[in-house]
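**Q** Residues per chain, in single letters:
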Amino acid sequence: DVKVTQSSRYLVKRTGEKVFLECVQDMDHENMFWYRQDPGLGLRLIYFSYDVKMKEKGDIPEGYSVSREKKERFSLILESASTNQTSMYLCASSRIPYGGENYGYTFGSGTRLTVV
Amino acid sequence: AQSVAQPEDQVNVAEGNPLTVKCTYSVSGNPYLFWYVQYPNRGLQFLLKYITGDNLVKGSYGFEAEFNKSQTSFHLKKPSALVSDSALYFCAVRAYGSSNTGKLIFGQGTTLQVKP
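So the protein lines, in turn, are chains W and L. Just add 13 to the spot in the first sequence (first one is 1) and you have the numbering used here. Just add 274 to the spot in the second sequence (first one is 1) and you have the numbering used here.
Hints may contain errors.
Reference listing, derived: stretches of chain W covered by chain L, where coverage requires no fewer than 3 residues with Cβ under 8 Å from a Cβ of chain L [unchecked claim]: (1) 30-41; (2) 78-89.
Capping the alpha-carbon separation at 30 Å, the derived lysine-lysine pairs in DSS-like fashion look like this [claimed, not checked]: (3) L:Lys343 <-> L:Lys296; (4) L:Lys351 <-> L:Lys389; (5) W:Lys26 <-> W:Lys70; (6) L:Lys389 <-> L:Lys296; (7) L:Lys323 <-> W:Lys70; (8) L:Lys323 <-> L:Lys296; (9) W:Lys84 <-> W:Lys16; (10) W:Lys31 <-> W:Lys70; (11) L:Lys323 <-> W:Lys16; (12) W:Lys31 <-> W:Lys84; (13) W:Lys70 <-> W:Lys83; (14) L:Lys323 <-> W:Lys68; (15) L:Lys323 <-> W:Lys84; (16) L:Lys343 <-> W:Lys16; (17) W:Lys16 <-> W:Lys83; (18) L:Lys332 <-> W:Lys16; (19) W:Lys83 <-> W:Lys66; (20) W:Lys68 <-> W:Lys84.
These are calculated hints, taken from the structure and not from any lab test. The beta carbon of each residue, even a glycine, is placed where N, CA and C say it ideally should be.
Bound-form chain W, shown alone:
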């Protein structure tokens, strides 16, 4: 019954490595989002995408990029991992609001990334 799948629950990478975090949803949602979650800072939006090959920067895009080649998959890329990117990363998806309805998000289980 899993609808948003993040490829890894825990990940340990070395400083300077290129890191790929994968997210797949099976609900045919248009929107997909990447957040990072840190204690005391809540959820901070990194990037989001509202269509294939479309992307928009969120609040903290520096050091990250994204790829959305297919509707169901949204990848977060850490170009050169640094220790300050150690965090919990959450992927979410949602439908475009329609007719006054707003559907909210469906979240994946999260990836806890440690950069050493």
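Fit chain L to the known structure of chain W by using the hints.
**A** Just chain L now, with coordinates in the frame of chain W:
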């Protein structure tokens, strides 16, 4: 600016007592409001939402929330707390902007601790 505030970092309540987790919001259009819960090392799970209609919204696990337009609040409530309700709770509101993507703005989160 559009925002969500959860004024309490932590709420402590004894099992069997009623609980309230507070949320206030500021948006530039009709408020579409959500509550999510997060258990340790997991993603966020949807609890309930307010779109329109009755100000008292019922959701999962016996939770409910009261929408108050004049106070711009959407407090989460439960008549009788369980130890298993202990978790991190997030309030969210739909963001309004140039693109109607249904992006949500999240509060900082409130840790609920229910003691036996």
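**Q** Out of the numbered hints, which ones does the structure contradict?
**A** 1, 2, 16
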